[in-house]
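Chemist: Kindly generate the complete structure, drawing on both the sequences and the hints.
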Amino acid sequence: MTYKRSVGESIFSWFNVGFMLLLCTVTLYPFIYILFASLSDPTEMARFRGLLLFPKGFSLEAYKAVLENPMILVGYRNTLYYVVIGTAINLVMTTLGAYALSRQGVLLKNPIMFLIVITMVFNGGLIPSFLLVNSLGLLNSAWALLLPGAINSFNLIIMRTAFQGIPVSLEESARIDGANDWVILTRIILPLSLPVIAVMILWYTVGHWNSYFSALIYLRDRELFPLQLILREILISNSTDNMMTGAATSDRADIGVTIKYATIIVSTLPILLIYPFLQKYFVHGVLIGALKE
Amino acid sequence: MSSLNKNRASLLARDRKDSKLTVLGRDLIRNRYIYLMLLPVIVYYAIFHYGPMYGLLIAFKNYGLADGVWGSPWVGFAHFQSFFENHFFWRLIRNTLLINLYELLFAFPAPIILALLLNELRLKFFKRVVQTISYLPHFISIVVVVGMLVDFVARDGLINNILAMFGMEPIAFLQEPGWFRSLYISSGVWQGVGWGSIIYLAAMSTIDPSLYDAARIDGAGRWRQTLSVTLPGIMPTIVILLILNIGSMMSVGSEKIILMYNPLTYETADVISTYVYRKGILGADFGYSAAVGLFNSIVSFILIMLANTISKAVSDHKLW
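Going down the list, the sequences are from chains Z and P.
Counting in this note's numbering, the first sequence runs from 6 upward without gaps.
Counting in this note's numbering, the second sequence runs from 6 upward without gaps.
The set of hints was computed from the structure by calculation and includes no laboratory data.
Any given hint might turn out to be false.
DSBU-like, lysine-lysine: derived pairs with alpha carbons at most 30 angstroms apart [to be verified]:
| # | chain 1 | residue 1 | chain 2 | residue 2 |
| --- | --- | --- | --- | --- |
| 1 | P | Lys-25 | Z | Lys-114 |
| 2 | P | Lys-261 | Z | Lys-285 |
| 3 | P | Lys-317 | Z | Lys-114 |
| 4 | Z | Lys-285 | P | Lys-129 |
| 5 | P | Lys-284 | P | Lys-261 |
| 6 | P | Lys-317 | Z | Lys-285 |
Which chain Z residues face chain P? A few, computed with CB under 8 angstroms, are given here [to be verified]:
| # | residue |
| --- | --- |
| 7 | Leu-28 |
| 8 | Ile-132 |
| 9 | Leu-240 |
| 10 | Ile-241 |
Pulled a few chain Z residues facing chain P out of the computed Cβ check, cut under 8 angstroms [said to hold, decoys possible]:
| # | residue |
| --- | --- |
| 11 | Met-25 |
| 12 | Ile-39 |
| 13 | Ile-117 |
| 14 | Asn-185 |
| 15 | Asp-186 |
| 16 | Asn-215 |
| 17 | Tyr-217 |
Each residue gets a CB set at the ideal place from its N, CA and C atoms; glycine is no exception.
Modeler: Below, the structure written as structure tokens:
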């Protein structure tokens with residue numbers, strides 16, 4: 006079916022393409038600016054005013070300072086630890102819950118599901134959660150970041166929905182062959198659910214990588230700080246002074262400017278690099294979640 | 006129905022004759038592996054979700070760390086009363102509502118408009134590129150987003166440099182209460198508009214293509230098709246999300262605001278959740294801040310219930 010495009014529609018199409026190009030520019034330019042600024046010569050960058058269209062001079066001093074900074078390295082190490090251990094806990098817990106709550110003929114399934122849904126609409130809030138973590142003796146320990154968020158109820162429901170979509174006949178034939186629930190979960194359900202598992206790994210991983218608030222309220226010991234908390238100090242509380250111990254005295258004030266940018270690049274690069282390859286899984290996950298609604 | 010399900014159904018039928026306890030016992034034995042798997046999940050929800058709900062009792066108590074939740078003396082509604090009489094009360098309510106209202110006005114329609122415009126792009130490759138780029142900011146941590154914002158709107162930052170090119174005076178954006186909401190909402194739109202459009206694009210992809218053919222035969226142009234086919238097609242999704250949004254009118258997360266605000270901008274930036282954070286976590290006034298948090302939760306709970314009831318009434322869609 007073809008039809009003639011009116012003049013108005015042609016104009017609209019051009020306007021639309023123009024708008025999309027503008028949107029892409031507005032989205033990407035901040036990242037480009039930061040990348041160029043981080044590579045610029047600190048002294049020139051400190052004096053520079055205006056739109057940065059290419060690096061001003063070239064210097065890797067800022068990256069050197071960032072990578073030599075012990076707190077950034079400690080933060081990176083801690084974040085990797087929280088991401089790996091935290092996501093592992095998330096996956097095990099979410100899978101167990103999703104499997105058990107997706108089976109038929111379990112008497113207490115609906116009451117338990119109901120109790121879980123309640124926690125999605127009503128929760129104790131910040132202060133009682135903080136006091137709970139305190140009374141469990143988890144304050145200022147890695148467990149305070151790993152245990153309270155062990156299951157995301159939305160993710161549990163998404164995974165449960167995916168498990169429910171697997172034909173019951175597969176489970177039944179396995180049961181006739183004498184398989185118990187553990188075997189059914191690990192040999193049948195999980196191998197058939199790789200897309201949803203990929204989505205869960207990605208969401209939990211990004212969540213752990215980006216989170217700062219739990220660390221802010223639960224951790225006191227700087228040796229335990231995740232990267233985001235260190236970033237907060239450098240980017241927002243403006244304490245680049247702490248970082249300058251490695252840099253030469255003469256351009257201390259100047260390098261502070263580019264250090265900020267280099268820190269952003271170093272901390273965001275992993276996500277920026279893997280993002281294009283994983284995008285389809287993220288989108289897939291949103292769609293699974295949307296189908297539920 | 007398959008044999009195994011029949012088998013389970015007959016077991017359930019037999020259960021009906023027995024006492025509830027026997028039935029439960031039999032179910033626990035029959036599904037012992039399932040309950041074993043559920044055990045850590047139940048323990049987790051009991052401790053980390055129902056534990057804090059029990060802890061809410063301190064909203065009615067004069068909580069002391071040494072006394073614990075149960076041992077602390079009761080004070081009734083004293084904390085609530087002092088919150089209602091606090092001269093920041095109306096400021097907190099106003100700021101919380103206004104930020105939500107502006108989000109509803111700007112952040113809510115933005116992804117819908119983007120999705121409609123993306124849908125009109127003819128070049129599939131170009132569409133995919135735009136989508137990929139627009140989703141990207143969603144994955145940047147809030148610390149980095151606010152960090153970038155702080156840097157760009159600084160006195161010698163990118164935005165003020167651009168303003169200077171046009172001969173305008175520099176603005177101290179983060180110190181001016183008048184700018185806070187604009188910065189909060191616009192950075193939120195920047196970060197979320199692409200990601201938010203996914204759900205609408207998904208809804209559009211479920212629209213029957215024959216509807217467009219029919220509209221074209223009736224002489225509808227693209228504008229008419231958008232108005233009469235696409236928009237009605239995604240309307241259920243819009244309604245659901247709108248109602249969800251209205252349901253959360255009284256809650257604003259503290260995570261981003263805590264990074265963005267400072268005492269100079271409390272006038273417009275301080276919301277209930279940030280107040281709870283300052284009073285409770287920083288000020289260790291646990292009973293009082295728990296009461297403020299509880300007040301907020303209860304209002305939010307009522308709103309979401311109302312929203313769900315309305316949603317059930319006006320459409321078939323409900324949240325639960």
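Chemist: Hint by hint, say whether it matches the structure.
Modeler: Here's how the hints hold up against the structure:
1. For a cut-off of 30 angstroms, the pair hint linking P/Lys-25 to Z/Lys-114 stands: about 16 angstroms separates their Cα positions.
2. Taking the CA atoms of P/Lys-261 and Z/Lys-285, the gap is about 27 angstroms. The hint holds against a cut of 30 angstroms.
3. Our distance criterion of 30 angstroms between C-alpha atoms is met by P/Lys-317 and Z/Lys-114, whose separation comes to about 25 angstroms.
4. Distance restraint check for Z/Lys-285 and P/Lys-129: the Cα-Cα separation of roughly 15 angstroms lies within the 30 angstroms cut-off, and the hinted pair is therefore satisfied.
5. Distance hint between P/Lys-284 and P/Lys-261 is fulfilled; the C-alpha atoms sit about 17 angstroms from each other, no more than 30 angstroms.
6. The straight-line distance between the Cα atoms of P/Lys-317 and Z/Lys-285 is roughly 33 angstroms, outside the 30 angstroms bound, and the hint therefore fails.
7. Taken as an interface hint, Z/Leu-28 checks out: its beta carbon lies about 6 angstroms from the nearest beta carbon of chain P, inside 8 angstroms.
8. Of the supplied interface hints, the one on Z/Ile-132 holds, with its beta-carbon coming within about 4 angstroms of a beta-carbon of chain P, less than 8 angstroms.
9. About 3 angstroms separates the beta-carbon of Z/Leu-240 from the nearest beta-carbon of chain P, less than 8 angstroms, and the hint is met.
10. With a least beta-carbon distance of about 6 angstroms to chain P, the hint placing Z/Ile-241 at the interface is held under the 8 angstroms criterion.
11. A distance limit of 8 angstroms between C-beta atoms decides the matter here; for Z/Met-25 the minimum to chain P is near 5 angstroms, and the interface restraint holds.
12. For Z/Ile-39, the interface hint holds, the least distance from its beta-carbon to any beta-carbon of chain P being 7 angstroms, beneath 8 angstroms.
13. Residue-level restraint check for Z/Ile-117 holds (minimum Cβ-Cβ distance to chain P is 7 angstroms; threshold 8 angstroms).
14. Checking Z/Asn-185 against chain P: minimum C-beta separation of about 5 angstroms stays under 8 angstroms; hint holds.
15. The beta carbon of Z/Asp-186 comes within 4 angstroms of a beta carbon in chain P, closer than 8 angstroms, and the hint placing it at the interface holds.
16. Satisfaction of the interface hint for Z/Asn-215 is found here, the shortest Cβ-Cβ separation to chain P being roughly 4 angstroms, below the 8 angstroms cut-off.
17. Taking 8 angstroms as the C-beta contact cut-off toward chain P, the hint placing Z/Tyr-217 at the interface holds, the least distance being around 5 angstroms.
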